[in-house]
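Peer 1: Take the given structure of chain A and dock chain B to it, following the hints.
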Amino acid sequence: MGKTLFEKIWESHIVVEKQNEPALIYIDRHLVHEVTSPQAFDGLRMNNRKVRRPDLTIATMDHNVPTSDRTLPILDQTSAVQIKTLENNCKDFGIKLFDINSPNQGIVHVIGPQLGITLPGSTIVCGDSHTSTHGAFGALALGIGTSEVEHVLASQTLWLEKPKTFEVRVEGKRKNPHAVTAKDIILSIIKNIGTAGGTGTVIEYRGEGITDLSMDQRMTICNMSIEGGARAGLIAPDQKTFDYLRDREYTPKNYESLVDSWKENLKTDSDATFDKTFTLNINEIAPQVSWGTNPGMTCDVDESIPSPDDFSNGDDNQKRGAEKALEYMALESGTMIEDIKIDRVFIGSCTNARLEDLIEASKIVQGQKVASSVSAMVVPGSQMVKKQAEEMGLDKIFIDANFEWREAGCSMCLGMNPDILSPGERCASTSNRNFEGRQGNGGRTHLVSPVMAAAAAINGHFVDVRKLDLN
Amino acid sequence: MKGNIVKYARDNIDTDVIIPGQYLKVHDYTELATHAMEGLDPDFHSKVKEGDFILSGKNFGCGSSREHAPIALSHSGVKAILALSFARIFYRNSVDGAFLLPIEIDQDAYDGISEGDEIDIDISTNEIKNLTKNQTYKMKPFSEIIGKIIAAGGLFKYKPDQD
Numbered sequence: 001m002g003k004t005l006f007e008k009i010w011e012s013h014i015v016v017e018k019q020n021e022p023a024l025i026y027i028d029r030h031l032v033h034e035v036t037s038p039q040a041f042d043g044l045r046m047n048n049r050k051v052r053r054p055d056l057t058i059a060t061m062d063h064n065v066p067t068s069d070r071t072l073p074i075l076d077q078t079s080a081v082q083i084k085t086l087e088n089n090c091k092d093f094g095i096k097l098f099d100i101n102s103p104n105q106g107i108v109h110v111i112g113p114q115l116g117i118t119l120p121g122s123t124i125v126c127g128d129s130h131t132s133t134h135g136a137f138g139a140l141a142l143g144i145g146t147s148e149v150e151h152v153l154a155s156q157t158l159w160l161e162k163p164k165t166f167e168v169r170v171e172g173k174r175k176n177p178h179a180v181t182a183k184d185i186i187l188s189i190i191k192n193i194g195t196a197g198g199t200g201t202v203i204e205y206r207g208e209g210i211t212d213l214s215m216d217q218r219m220t221i222c223n224m225s226i227e228g229g230a231r232a233g234l235i236a237p238d239q240k241t242f243d244y245l246r247d248r249e250y251t252p253k254n255y256e257s258l259v260d261s262w263k264e265n266l267k268t269d270s271d272a273t274f275d276k277t278f279t280l281n282i283n284e285i286a287p288q289v290s291w292g293t294n295p296g297m298t299c300d301v302d303e304s305i306p307s308p309d310d311f312s313n314g315d316d317n318q319k320r321g322a323e324k325a326l327e328y329m330a331l332e333s334g335t336m337i338e339d340i341k342i343d344r345v346f347i348g349s350c351t352n353a354r355l356e357d358l359i360e361a362s363k364i365v366q367g368q369k370v371a372s373s374v375s376a377m378v379v380p381g382s383q384m385v386k387k388q389a390e391e392m393g394l395d396k397i398f399i400d401a402n403f404e405w406r407e408a409g410c411s412m413c414l415g416m417n418p419d420i421l422s423p424g425e426r427c428a429s430t431s432n433r434n435f436e437g438r439q440g441n442g443g444r445t446h447l448v449s450p451v452m453a454a455a456a457a458i459n460g461h462f463v464d465v466r467k468l469d470l471n
Numbered sequence: 001m002k003g004n005i006v007k008y009a010r011d012n013i014d015t016d017v018i019i020p021g022q023y024l025k026v027h028d029y030t031e032l033a034t035h036a037m038e039g040l041d042p043d044f045h046s047k048v049k050e051g052d053f054i055l056s057g058k059n060f061g062c063g064s065s066r067e068h069a070p071i072a073l074s075h076s077g078v079k080a081i082l083a084l085s086f087a088r089i090f091y092r093n094s095v096d097g098a099f100l101l102p103i104e105i106d107q108d109a110y111d112g113i114s115e116g117d118e119i120d121i122d123i124s125t126n127e128i129k130n131l132t133k134n135q136t137y138k139m140k141p142f143s144e145i146i147g148k149i150i151a152a153g154g155l156f157k158y159k160p161d162q163d
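Protein sequence lines correspond, in order, to chains A and B.
Each residue of the first sequence is one higher than the last, beginning at 1 in the numbering used here.
Each residue of the second sequence is one higher than the last, beginning at 1 in the numbering used here.
Just so you know, these hints were derived from the structure itself, not from any lab.
Possibly wrong hints are sitting among the right ones.
What the hints assert, rightly or not - Derived lysine-lysine pairs resembling BS3-like cross-links, with alpha carbons at most 27 Å apart:
| hint | chain 1 | residue 1 | chain 2 | residue 2 |
| --- | --- | --- | --- | --- |
| 1 | B | K49 | B | K129 |
| 2 | B | K129 | A | K164 |
| 3 | A | K18 | B | K140 |
Computed from a predicted structure; not experimentally measured.
The shape of chain A in the complex, shown without the other chains (with noise of 0.2 Å):
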């Protein structure tokens, strides 16, 4: 019987397996911040360890960083040490670091692609729940802890159990593409399939719908397979993967031959069965906005906001869970979606703050002006993307319709450095989980596309933006 892309991958990088134990597997690319590493190092020294693959393994500052003027001093005191043990332990231990000012400094997930240290069939682990964004080249990307961390920076290895294949296939063609984004389709595939719904699962996404992605939609889509419960998600390489890694920095030198052994192995086979089956027609689903409290709690533009009857098909905890996120979000059932205000804007995230985002968005600011109720920030993901922007003019579109543009990091999606939101609130996000406080204490956020998050910028509340010209 056949493979699938996620067996392939996993069977080349087997070191142990053995019946009833986990198996021991290979890892290729480490990515480190300055955040979920500190213990790790710790760990490292108290019991004499050195990393083991100092040359696999890459680290970057973007969780607390500031976004503002990078020529002062960071004000916020246990920011600045977190940040300096990193440059510590990457100075102690041999790693290679992109700081602070570094021109490739950036959210790890989107620095990772950007260099070309992203390869297809490899194995990639960050102290981050998002790794999964790498899978979009055909990497088996998994998110880890702490203790994880230790264990591959000391070994180059994990402990793993084998996770089940689950099939996502996306069907269909979008009738607008400019409105109707890859975050509108995984936040559809998410509603569907439910926050746990790929719990203990490497989700393949195939399909029409994810080959006509471009690479920057495809990780827009893995970079939330872990929102699905996922451990990761995979899109098979082809040719735009291999164009997009094509002379980066870091690509390997020995490129077209490895394009050569990828072209032949990393697919699914045709007779490979999975554990799991989805599918979703693409042909005429809306933008999507979320109204609750965790990404599931998602609805059409056009609708009004569910009440907590229909929303949980008769599931006590689903309803009561819809009910405390309706009062968290300080919404009410019937709502139309169209007719709610908003505060703020944030364009950014590891999910949405690469240059097709930006210029997309950038479509819809262009000659206007946002609300005077409204205040917008756009955050590059990486100050590669802010540069090339930059050189594009689109830094002057965003700051004359009056947006912020600040230096790149993870910023107001997790609410880690200054850039967070004040209690009550409201904000068009283009980021990944609309959790409770995952802003700011008392923030209330809204996950949305990048175009949908500027017209409601522009607008001050949500509108939809297939009836706007973003050709």
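Peer 2: For chain B alone, coordinates are given in the frame of chain A:
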């Protein structure tokens, strides 16, 4: 292992409410513990006691991979989480660092156990006894793999069986 229950009758308790992002810069675990569950229940720190268990619904610990979540709960005194299901990274983090036991329960146990009930968990027989109500439930056994990591006392103490 005996303890009393703190019950959160809802699904999808995420790691952002277990330990909000602003505290991921805190390295002192005792201080971290004072912020455990702050995003959901600001009274948690004052009411939780050493040896308590948390009972909750489906997909406990979803979201961020922050190991600070099981660490904050563990240093608050919580010895086990009983839930209908767990998000995988939280589940592994809990056992990797030997912080607490993630115990999967069925609907009977979820419905039968109330806030404050005294519970006795026996992982050798996979039985949960409700001493307050004199009821017994089954817990889902750990997979062989996870059981071995737990028995070893965490990921760094685990060694695979020798041939």
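Peer 1: Going back to the hint list, which numbers does this structure go against?
Peer 2: 2
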